[in-house]
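6 protein chains.
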Amino acid sequence: MELDTGLIYAYASEFLKEDLGRGDFTTQAVVRGGAKARGVFLAKEDLILCGLEFAEAVFAVLDGSIQLESRAYDGEALKAGSSFARLEGPAAVLLAGERTALNLIQRMSGIANLTRTYVDTIAGTGAQIVDTRKTTPGLRLIEKYAVTVGGGRNHRFGLDDGILIKDNHIALAGGIRRAVELARNHASHMMRIEVEVTTPAGAEEAVRAGADIVMLDNMKAPDVAESVRLIKELSARTIVEASGGISLDNVLEIANAGVDIISVGAITHSAAAVDISMKIAPI
Amino acid sequence: MELDTGLIYAYASEFLKEDLGRGDFTTQAVVRGGAKARGVFLAKEDLILCGLEFAEAVFAVLDGSIQLESRAYDGEALKAGSSFARLEGPAAVLLAGERTALNLIQRMSGIANLTRTYVDTIAGTGAQIVDTRKTTPGLRLIEKYAVTVGGGRNHRFGLDDGILIKDNHIALAGGIRRAVELARNHASHMMRIEVEVTTPAGAEEAVRAGADIVMLDNMKAPDVAESVRLIKELSARTIVEASGGISLDNVLEIANAGVDIISVGAITHSAAAVDISMKIAPI
Amino acid sequence: MELDTGLIYAYASEFLKEDLGRGDFTTQAVVRGGAKARGVFLAKEDLILCGLEFAEAVFAVLDGSIQLESRAYDGEALKAGSSFARLEGPAAVLLAGERTALNLIQRMSGIANLTRTYVDTIAGTGAQIVDTRKTTPGLRLIEKYAVTVGGGRNHRFGLDDGILIKDNHIALAGGIRRAVELARNHASHMMRIEVEVTTPAGAEEAVRAGADIVMLDNMKAPDVAESVRLIKELSARTIVEASGGISLDNVLEIANAGVDIISVGAITHSAAAVDISMKIAPI
Amino acid sequence: MELDTGLIYAYASEFLKEDLGRGDFTTQAVVRGGAKARGVFLAKEDLILCGLEFAEAVFAVLDGSIQLESRAYDGEALKAGSSFARLEGPAAVLLAGERTALNLIQRMSGIANLTRTYVDTIAGTGAQIVDTRKTTPGLRLIEKYAVTVGGGRNHRFGLDDGILIKDNHIALAGGIRRAVELARNHASHMMRIEVEVTTPAGAEEAVRAGADIVMLDNMKAPDVAESVRLIKELSARTIVEASGGISLDNVLEIANAGVDIISVGAITHSAAAVDISMKIAPI
Amino acid sequence: MELDTGLIYAYASEFLKEDLGRGDFTTQAVVRGGAKARGVFLAKEDLILCGLEFAEAVFAVLDGSIQLESRAYDGEALKAGSSFARLEGPAAVLLAGERTALNLIQRMSGIANLTRTYVDTIAGTGAQIVDTRKTTPGLRLIEKYAVTVGGGRNHRFGLDDGILIKDNHIALAGGIRRAVELARNHASHMMRIEVEVTTPAGAEEAVRAGADIVMLDNMKAPDVAESVRLIKELSARTIVEASGGISLDNVLEIANAGVDIISVGAITHSAAAVDISMKIAPI
Amino acid sequence: MELDTGLIYAYASEFLKEDLGRGDFTTQAVVRGGAKARGVFLAKEDLILCGLEFAEAVFAVLDGSIQLESRAYDGEALKAGSSFARLEGPAAVLLAGERTALNLIQRMSGIANLTRTYVDTIAGTGAQIVDTRKTTPGLRLIEKYAVTVGGGRNHRFGLDDGILIKDNHIALAGGIRRAVELARNHASHMMRIEVEVTTPAGAEEAVRAGADIVMLDNMKAPDVAESVRLIKELSARTIVEASGGISLDNVLEIANAGVDIISVGAITHSAAAVDISMKIAPI
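Residue numbers (our numbering), protein chains in the order written: chain B, 31 to 313; chain S, 31 to 313; chain D, 31 to 313; chain E, 31 to 313; chain L, 31 to 313; chain U, 31 to 313.
Chain B on its own, in the form it takes in the complex (with noise of 0.2 Å):
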């Protein structure tokens, strides 16, 4: 996935405003008009590096002239230590943008770091890493990026861009095969429909009543193998996801049970911000 230009100064500017309020008072104060320094970005821990674009963006939305020098991309792999980029220009400029850039760098490399560390652990199983809508208010487009850039997918963005069938729309629909049908009859032609079942039982249901993806919410590693079989028996077309209650313990486990896509909200919803700091020197 990639974020759009626009969109990214779009974003720096809002975010700006709010940590400059009516102006950085200490600088104005105690900082002389024409002062200049540098600026040096660094990994405090390993990471997977992501948000580069919009450290350079923080700056350039307050003085279009600087310019951010990377030594790094969004996915690389960083060692504790090392430097991912640099600038120069205004003192006040760089006082001013410091801790904007660092929230948002430090939080996008943290989403980035934890999928990283979901991918690695189920590599080789040929399942796949996906988000969900567990993400930030807000932010939904930029954490969703930074699972893309951590190795993971992304899940829907919204509630307008993919049919899901919860419990609660079986329920209220009268059951699954209804509830297919009134998807099938009623949603775009360009979706597939996902059904969510919590049994082995209803998994069958739901191939059965014309679902293109199951989603196995909540099950543990046996009911999921289970429903594996049921399914491809059934439709070898299918599409299988496992959900909820994913963990680093049990995510392996639940890859090998035979699933092609698991979603994960912990990747987004409880990843701590990584340790970046941005060392500034007068020049």
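There's no promise every hint is true.
One copy or two, either will do: identical chains are not told apart, so a pair holds if it fits within one copy or between any two.
[Claimed, not checked] Simulated crosslink set (BS3-like; lysine-lysine; CA at most 25 Å straight-line):
(1) Lys250 with Lys74
(2) Lys74 with Lys109
(3) Lys250 with Lys309
(4) Lys262 with Lys309
No lab work stands behind these hints: they were computed from the structure.
Nothing here was measured: the structure is a model prediction, and the numbers come from that model.
Let chain B serve as the given structure and place chains S, D, E, L and U on it in line with the hints.
Just chains S, D, E, L and U now, with coordinates in the frame of chain B:
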């Protein structure tokens, strides 16, 4: 700290748009227009609740006639399994707002929860936990509110509502004395002047230069204690703040070293979401 | 498809601003403040009604106390001369909202009307009429809603909610097979993959490459029929869509050639407004 | 009339967002980052070109380095098959902007085209074609610009930039004389006062009441001629406008009846899009 | 002139945000949540009241349940010491809205007050006071409303709602005759054409060129009188406006020179705020 | 205080829109497209210049290629008749931006000018002039910038960046002591606490309660002097501010009474615009 109701609704509306996009197409396809449902919010683990007004606002934005019935208050410690709010209304509305509401209160409660843990850890020492500017871009007000719900206090909301002279300011101004003098002459007379130092000697120099608050950055406990002694000897009114590298492992030791204020970035930048669910049932 | 009420009010408000500018100066000058009036909406020709909620929203935005009394529903076939809604309120409000309300429902009904004509023309063939992205800039959601009111279905809402591989994509990717493979690997697993082709041979190649949907672009009816035969022989599940150059003159012939879906740009880009008036009378 | 460049870019940006949503996922999946392409715009039928600056803006918003090379100007009559603009740049950018650019210039050229037909139809009569407020919601400025490109002139842009007293105003004010008097006393001295009438007698009354412009609404040609005679006899300076029910069938007859101005709603509310394509080829 | 209620609320909301920023921290810290208070608005000097609806809107934006009880109306002459409105509600709401409400009505009443003084000064002469475009950036509509409340009338609201040919236009067009001709051919037939001149000879030339209104710029009274004579002799219908350098010292002399309209920049660009207070008392 | 360049351009753009509306129709009608002109800004009276960057921004927003050539700086004292900036470019652009640019710099210079008069009046007393929140709605940042250009300093920018306990807060909290204690416990440790009092006895009580700043509201000079004596005796560090009823007539007397800070509402709420013109000439 309190959040303006208008602001809460504005956030809820913005976040809903992010999730709904062009509409909840699954529900539109599968659920008949008039269907009603009931929703119950449940704590799935022990937690400090935060964000009830947001849950209310999310559904009210979708349908002005829906009312959330609360059984708890922001800041209340809930046990796993307890329900804290319920609502009834069109099933389509409950399904459309569910994820946005959960994403908000899971994150806010996560922050309140972690803050409370820090606050409880240093109970009785006289020190206070405050937040930092290391917040999620776009959510600063919301996260700072969650900190106060957890029992913490707020540091600066942005670069414009406080004077904090850091190492770079000092280097660019030409020394602590000069930096404080410049701040005194140009900054608002309504604001105290805080100076960041990294050694006991620096702390002493900051007090002599006229700092109202001295921030001890990334010092070990013995140095913190030594700094506190030096500062208070020179000026009993000067406030001492510890910052940088604070964790649940060392926060009590730092508090016992005699500081007034301990600022902790982790309570906002690395709080994991707590587990909360919304059970929806047709009625 | 349904439109969110909040969205309807936001559109109504934006469109009113465009027409009102700094105020309805004629009415301010000529009509005394307290004057009341009654307004009646009339179909001036046979038509499919669409946009009633917008009419309501336009006046409610101007004056929260005004209520539109509807006597019809979106999608209803009205006879010339029939009235479908009435309202009472301050004359100044009725005069201020009249043009904006009419501009909306005349255009929306125009689209619903033309769509219905296409739908009726192919009734019984099993094919479905869908729209395209050839909508009026700024009005896509509104126009796609009008299409569904007229009995059509929606194709993609934007470049982000469906995978449609066109000739240029194929050329740039290096062939149909490679393009479909890339799409399969990078696009969401929730989406079907549609491939646009211009010959029966292309259609066959697309199916072999794994396309879920084949779009027959600008083909004559015999080629359409031949393509359908080739596609269905290879894969009964593959959906066939005809697109390009469809008019009321040839749509039945194309439908009879066996396609599942017929996309028609004209229903949005060239629907003339239908004739609707609002009669205002002092009371 | 001219459109402000800033405004053109703002519209282009807004319309692109509507089409791109979260991104052009097909191109992101299928086309490799660095691929370049060339695009050529072609008239597929004889038409009056309108909207070139929008085509330019759409691509410039996506990628500031792209330049459109024009070979024609707004208002030029193009033959079917002629190319009027070309551009080169990243294939992904050309694919992302294609539909938005086409939707705009097809609609704008459609309006310019139809306006020109009306203007040519009454050439030599001395009457002028003007537009109405029956424009597409959200696009009024753009459509009124297209009208001038087609050789028409603009009537009011909104309720705030002209005084037009209609039947309801007259009824509410208590007669033509009173309505004109109120307008004279309260409206800006910069504006002329136009009064709508439906009979020759009404026309005469409007002139006697002091109307600067008399609008003959929905009158047949003989009544128009009679009204013109009555009006000009009383006051040679009074401007006469015909409005309502004007079509290509009767516009010349109305013009020959001696009016100064003929306002035509159809040129904006019912102009079909003209056929324009953009051919993209990899380079 | 009237202001749209929606607009008034939008302004009130925007201005409140400017003053509240992240919240009224003093009140949040010091005043307990449930405290109630009463507020009374008082004129501290003799004045023409203007802006009551804004006062109402400011508090309603903060708390929808608060109602302002008015005892006066916009345009009423109040004596020093008289109270003109009162309200009750949460003390925190009254304290939060006080300054924004006062800033608005003090400024608006200041403009209404000064306008009334000008209007009264020329009472009986037949001339009218109008405003100019010399308004506070961002507040044009509000200030033009205040002018009408003070008894003045409005000149152009912007560059788009009137044709005013100034010296530069004349120089660039190549003379008055040519400029008026161009305006007649290209500008809306709904608008009169005003020409600015600086000598009686210029005034005469403007009338001969067909100007509907002649603006006498910065002329002394004798030249004004001479210009009026020349203009009215040539065309009794032509409106004469005096502009530039008008003050309370010379406005009567200018009015007596026979002009129809006198435009005064000072009523908006240099009106001092009048003294109004809001007394708050706990209840 | 400094204004962010991005903010300056955003304001310029917003204010231009207010004046341009749908376009500068006079210039579009009368001036041919390619015409060039030169503009010179002139001080028409002695004044302190303020707002040069805004003048630049207004024209740059209209046409990115225009550059303003400055011959002065914000804060410079200009003599009547001196020119301080010039620019060349399309005549249409100069005509479109003229009024907006002038409205801004006339108002800003008016504020800077009046502030300077106050500052000069108390020169040598050691007291400082500060502004208040009595600013024009929507222009607070701009006006506070103008105050600093005139040599004044800034008080609070809003209710969120300082703690100022007024009479109502005291009444609602239950006394000065309690109010200060609550503020100390809940407000940011970065902020000083200011208490407003109206008598020398109140001043003494405020200091004893722990106020960092005491505001003497509407006191006569002898009471001010007595308050200063009482305050400084108790606590030499406490800052004393005089506020309310300050004019050029009494400001020196108040300064001589020994206060540190004098806040003056008139410098923003009642500064008349200074006379500045822009001479445009065709080239």
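We went through each hint and held it up to the structure:
Taking the shortest alpha-carbon separations for Lys250 and Lys74, only the inter-copy value of 19 Å comes in at or below 25 Å, while the best intra-copy value is 38 Å. For the identical chains of this complex, Lys74 and Lys109 are intra-copy neighbours only, at 8 Å inside a copy versus 37 Å across copies, given an alpha-carbon limit of 25 Å. Taking the shortest Cα distances, Lys250 and Lys309 sit within 25 Å of each other only across copies (21 Å), while inside one copy they are farther apart (47 Å). Proximity of Lys262 and Lys309 under a CA criterion of 25 Å is satisfied in neither setting, with 55 Å inside one chain copy and 31 Å between copies.
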